[in-house]
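> In case you want the letters, here they are:
Protein chains: 2
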Amino acid sequence: MPPCGSDALRAEAPGLARLGPAGTLRAVEIRAYDETDWPQVWPIVRQIVRAADTFPYDPDMTEQEARDIWIERPPGLTVVASDVGRVVGTAKMGPNKPGPASHISTASFMVPGAARGMGVGTALCRFALDWARAHGYAGMQFNAVVETNRAAVDIYERLGFELIGTVPGAFDHPDQGRVGLHIMYIAF
Amino acid sequence: MPPCGSDALRAEAPGLARLGPAGTLRAVEIRAYDETDWPQVWPIVRQIVRAADTFPYDPDMTEQEARDIWIERPPGLTVVASDVGRVVGTAKMGPNKPGPASHISTASFMVPGAARGMGVGTALCRFALDWARAHGYAGMQFNAVVETNRAAVDIYERLGFELIGTVPGAFDHPDQGRVGLHIMYIAF
Chain A
13 MPPCGSDALR
23 AEAPGLARLG
33 PAGTLRAVEI
43 RAYDETDWPQ
53 VWPIVRQIVR
63 AADTFPYDPD
73 MTEQEARDIW
83 IERPPGLTVV
93 ASDVGRVVGT
103 AKMGPNKPGP
113 ASHISTASFM
123 VPGAARGMGV
133 GTALCRFALD
143 WARAHGYAGM
153 QFNAVVETNR
163 AAVDIYERLG
173 FELIGTVPGA
183 FDHPDQGRVG
193 LHIMYIAF
Chain B
13 MPPCGSDALR
23 AEAPGLARLG
33 PAGTLRAVEI
43 RAYDETDWPQ
53 VWPIVRQIVR
63 AADTFPYDPD
73 MTEQEARDIW
83 IERPPGLTVV
93 ASDVGRVVGT
103 AKMGPNKPGP
113 ASHISTASFM
123 VPGAARGMGV
133 GTALCRFALD
143 WARAHGYAGM
153 QFNAVVETNR
163 AAVDIYERLG
173 FELIGTVPGA
183 FDHPDQGRVG
193 LHIMYIAF
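Top line first, the protein sequences correspond to chains A and B. Numbers 13 to 200, taken from my numbering, label the letters of the first sequence in order. Numbers 13 to 200, taken from my numbering, label the letters of the second sequence in order.
Read the hints as simulated data drawn from the structure, not as lab findings. Each hint should be verified, as a subset may be incorrect.
Identical chains blur together in the list; that is why a pair holds if it fits in one copy or across any two.
[As the list claims (entries may be wrong)] Straight-line C-alpha distance at most 25 Å; calculated DMTMM-like pairs for lysine to aspartate or glutamate:
(1) Lys104 <-> Glu159
(2) Lys104 <-> Glu47
(3) Lys104 <-> Glu75
(4) Lys104 <-> Glu77
(5) Lys104 <-> Asp46
(6) Lys104 <-> Asp80
(7) Lys104 <-> Asp70
All chains, full assembly: derive it from the sequences and hints.
The following block contains the structure:
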């Protein structure tokens, strides 16, 4: 896999993603996360982690823990989706596992409740796929997609991910009890 | 899941595992790892990590990195299999993921080349399953079993794990090229 220093990241970001006709956003710029974005990123991460219905993260995580988990270091990358300066989503991407498995990428996406249904998640996922292809990865794997998170599953399937399998009851949903976690994959 | 402090760990370890008739070992004591075990554990981890044919770990990891990865803190546990004071294998176990997925356990096992084929891996896996059941987990998941590691796959299948799915080509084997990574699971 080619090295990806900060120059390479700057060269490929920002990107502009057009949103669907239902959107009230005009267009979303997806660009590398900057430290000054944290005051807008943390409320998004906090909302999603505290809800505990889509991510296998500790719902009580502190702000510092969230920062350590969400902000990737090279060779990974964290990005934000920005609508005229307002952060309406964030994603992180990088190798799924180290060593002999490091040619497979992974990514995670967070879109706050107020910005859902407008194509931000799809735009972030497309960006991550383009990024992973450009950096020489052979595919992208999601390790734990909550099966009741239909919005996410639909986006991934539409973009070409296949279902590898489902671990039954592996996620304790606050409303729906124990539901499955999908492993999903796309080869490049 | 009930808390599992060091008292609980001491109470359930050590355990004695009888080995099959082919073994040249008499019996293996499986007990909680102690800091004084590291000089015997590190050569095992180093051998397996450097070979890069069974674990998705960085083959160049340092001794300190290996220690950080292999030695679990509560609620996880690291154990050694000991044959009259000689460490012939090691395992780690704990929650597979945090938060809403923390009721599913995971485990990893390492047996050095010289001690293979004598039932040590099976004994370690049985120990991990007993430990996970005793600590209230609902199942155990393996996230990345190299499909060419038949010895491991056979043990897991014999002990009741099912194949959830295989990510094709996700592991770059030094001799066999890109082979699949199995996700395996057993419900308790």
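> Evaluate each hint against the coordinates.
Verification of the hints:
Taking CA atoms no more than 25 Å apart as the test, Lys104 paired with Glu159 passes inside one copy only; the shortest distance there is 20 Å, against 28 Å between copies. Taking the shortest Cα distances, Lys104 and Glu47 sit within 25 Å of each other inside one copy (14 Å), while across copies they are farther apart (36 Å). In the homo-oligomer, the alpha carbons of Lys104 and Glu75 lie at most 25 Å apart inside one protomer (17 Å), although the nearest pairing across protomers, at 29 Å, exceeds that limit. Both within a single protomer and between protomers do Lys104 and Glu77 lie at most 25 Å apart by alpha-carbon distance, with minima of 15 Å and 24 Å respectively.
Within a single copy, Lys104 and Asp46 get their C-alpha atoms as close as 13 Å, which meets the 25 Å cut-off; across copies the closest is 37 Å, which misses it. In this assembly of identical chains, Lys104 and Asp80 lie within 25 Å of each other by CA distance both inside one copy and across copies; the values are 12 Å within and 24 Å between. In this assembly of identical chains, Lys104 and Asp70 lie within 25 Å of each other by CA distance both inside one copy and across copies; the values are 17 Å within and 21 Å between.
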